[in-house]
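There are 2 protein chains.
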Amino acid sequence: MPSSRRYALILAGGRGTRFWPRSRTKTPKQLLRFLGERSLLQETYQRLRPSIPPERFWILTNEHLRGAIARQLPEVPRRQILAEPAQRNTAPCLGLAAHLIHGMDPDAVLGVFPADHHIARSGAFRRLLAPAFRAAGEGKLCVVGIQPRWAETGYGYLEFPPGAEADRREAVTVLSFREKPVIEKAREYLAAGRFFWNSGMFFWRADVFLEALRRHLPRTAALLASAPSLGDRRFAARLREIYPRCENISVDYAVMEKADNVSGVPAGDIGWNDLGSWNALYELLPKDAQGNVSLSELAAAASSGNYVEAGGKTVALVGVRDLVVVDTPDALLVASREAAQQVGEVVKLLEKRGRRPLL
Amino acid sequence: MPSSRRYALILAGGRGTRFWPRSRTKTPKQLLRFLGERSLLQETYQRLRPSIPPERFWILTNEHLRGAIARQLPEVPRRQILAEPAQRNTAPCLGLAAHLIHGMDPDAVLGVFPADHHIARSGAFRRLLAPAFRAAGEGKLCVVGIQPRWAETGYGYLEFPPGAEADRREAVTVLSFREKPVIEKAREYLAAGRFFWNSGMFFWRADVFLEALRRHLPRTAALLASAPSLGDRRFAARLREIYPRCENISVDYAVMEKADNVSGVPAGDIGWNDLGSWNALYELLPKDAQGNVSLSELAAAASSGNYVEAGGKTVALVGVRDLVVVDTPDALLVASREAAQQVGEVVKLLEKRGRRPLL
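Same order as they appear, the protein sequences are chains A and B.
Per the working numbering, residue 1 is the first one in the first sequence, and the count goes up by one each step.
Per the working numbering, residue 1 is the first one in the second sequence, and the count goes up by one each step.
Hints listed in this document are in silico derivations from the structure and should not be mistaken for laboratory results.
Be a bit skeptical, because a hint or two may be false.
Stated by the list, open to error - With a straight-line cut-off of 27 Å between C-alpha atoms, the simulated DSSO-like cross-links for lysine-lysine are:
#, chain 1, residue 1, chain 2, residue 2
1, B, K287, A, K348
2, A, K313, B, K313
3, B, K352, A, K287
4, A, K352, A, K26
5, B, K185, B, K287
6, A, K258, A, K180
7, B, K348, B, K180
8, B, K348, A, K352
9, A, K352, B, K287
10, B, K352, A, K313
11, A, K26, B, K313
12, B, K26, A, K313
Said to hold, decoys possible - Counterexamples of contact, computed for chain A against chain B with all Cβ distances above 12 Å:
#, residue
13, H64
14, A259
15, W278
16, P357
All C-beta atoms, glycine included, are put in the ideal place defined by N, C-alpha and C.
With these hints in hand, go ahead and build the complete structure from the sequences.
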């Protein structure tokens, strides 16, 4: 397969409420700079840029974010920043992208990349692309697996055959997709050595994916097949009719778990981190002698293991441990690091109260 | 003793760093509104006002606070708001006040009241004044004892004779002053029933106190005796010479613990609280079903027992317990309620760093 057939689809429509109060509806997680000068979206783009030229990037997002994304990625053709007219999870939006690209390039091979993950080792990451795109070119639905570093209960797992090894840089059969496990199960997976975290990075030929969608999600496939091409002046209006009628389902549930042509590349250490919460960010950043991470002036007494950011404000900690403290002009979060996954709950609470300006 | 001889001296020179970041050098604890519309200083004044007319109030403070105090207590004659030229604890400033008032009214009887305590039951408080002023008029150095409600290690204690009872509204002999005890000792005091908290409220005739000062703190007494009267145009300049040479010592250590004419009024329940920390304030305020106290909009998940104030800002708590969270425009405090007494430590830290604007 010539590399000129390769396209990158970046999934950039998430809300990332677990990074509230910094993440808001109009500036969600993927648009924020957590580590260094670039947003997570820009990091994702730059990581792929040596392998794929700008005109073959497609960004899948929503109407709120389209302008901000165009400003962050000025090289990407603006019309390829697609705004979904409704939130319908990943299956419909990947179906739409496959339909549109296939219409222009019937031999297209697509790589799908979440916009909001951090990958410390770009070189090691890029070395995975060749075997993954190759498997896709050969007609597989290919997924990248991440070698687990602990018994995580927050991710889905891929089951590889006995003997599958990380970092061999070749795709092997995926025996099954496993949902987020309970802790005992997660420990078994870790011990077994052939269960890998589902990274959410996928590779397939556009035609192969559309065929899989027709088989496993026929109603949505038929709806999307009726969408006009991107250049058609009726495109936007027609999409607003079609899209909300698509099923609201992830590509994992709708296609990957059902298809029989799934393969996976078991990755070695690429420094992958999905930045699932403030706690994940804390784990990544350098700490002082008391294990505190602070992006602001800190005055601490008998306090350890805390994550602090408060802009230009001075923060004093007295006798507290393992907290997340994030201050913004209109909202302040104080959470235990352990409960950082539940930050989205207060966002729901504020939504219920109709506190729109805070969301 | 005619009540026309009664004067109120309010001690309003403290810094109250344990209420940082709300308390600052120019707006310390006694000038802040914690409960209701009035500052603690104004509460103290209003509590005494039915018993003592404005022209017989004297406020002992420092140069930083003089203007703000005059604005909070416009009825008090401005020249009776005395600014100490240096911080010298309570013995010298009470000596100075006694000297100045005695010069104008040789029969004056003085009541001394800290400006930064909260007393919920004003009526019960005022009923203590008669026996306390009476004992003072009879030549005693009189102190008010507060019936202990728990085994507190942060206060000094007064030892009354066996059989002394709270709320009898008469002064009895004080056998001894006891310093802040260790917890075992505090428990003994509580069980014994005749040890009372030292409230820091004192009553004495000006001449009796000056005599006690001459005997127990002669160097400071002699220095203060050389101060001109308040109306003298050399007063301020002379005070700046004398005052810094006075001993830096509390009236408890310098006089009360040594004198043999000490009596005390054992108070019943006057709702006394010295508001020694954010935790003490938390204890006083009404709580929601999760035991949280919040002066701002609160969105809480799995969080209980917290004190929150953040002006107009929304505060989200996730999985945290028993914290103090106080936000101001330039500084944010997060402390455990248990460690609230140590908040002064971060103020010292910021002082060392030369962060004047935050102090």
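Status of the hints after comparison with the structure:
| no. | hint | in the structure |
| --- | --- | --- |
| 1 | B:K287 / A:K348 | holds, 23 Å |
| 2 | A:K313 / B:K313 | holds, 15 Å |
| 3 | B:K352 / A:K287 | holds, 23 Å |
| 4 | A:K352 / A:K26 | holds, 18 Å |
| 5 | B:K185 / B:K287 | violated, 32 Å |
| 6 | A:K258 / A:K180 | holds, 17 Å |
| 7 | B:K348 / B:K180 | holds, 23 Å |
| 8 | B:K348 / A:K352 | violated, 43 Å |
| 9 | A:K352 / B:K287 | holds, 23 Å |
| 10 | B:K352 / A:K313 | holds, 18 Å |
| 11 | A:K26 / B:K313 | holds, 20 Å |
| 12 | B:K26 / A:K313 | holds, 20 Å |
| 13 | H64 | holds, 21 Å |
| 14 | A259 | holds, 39 Å |
| 15 | W278 | violated, 10 Å |
| 16 | P357 | violated, 9 Å |
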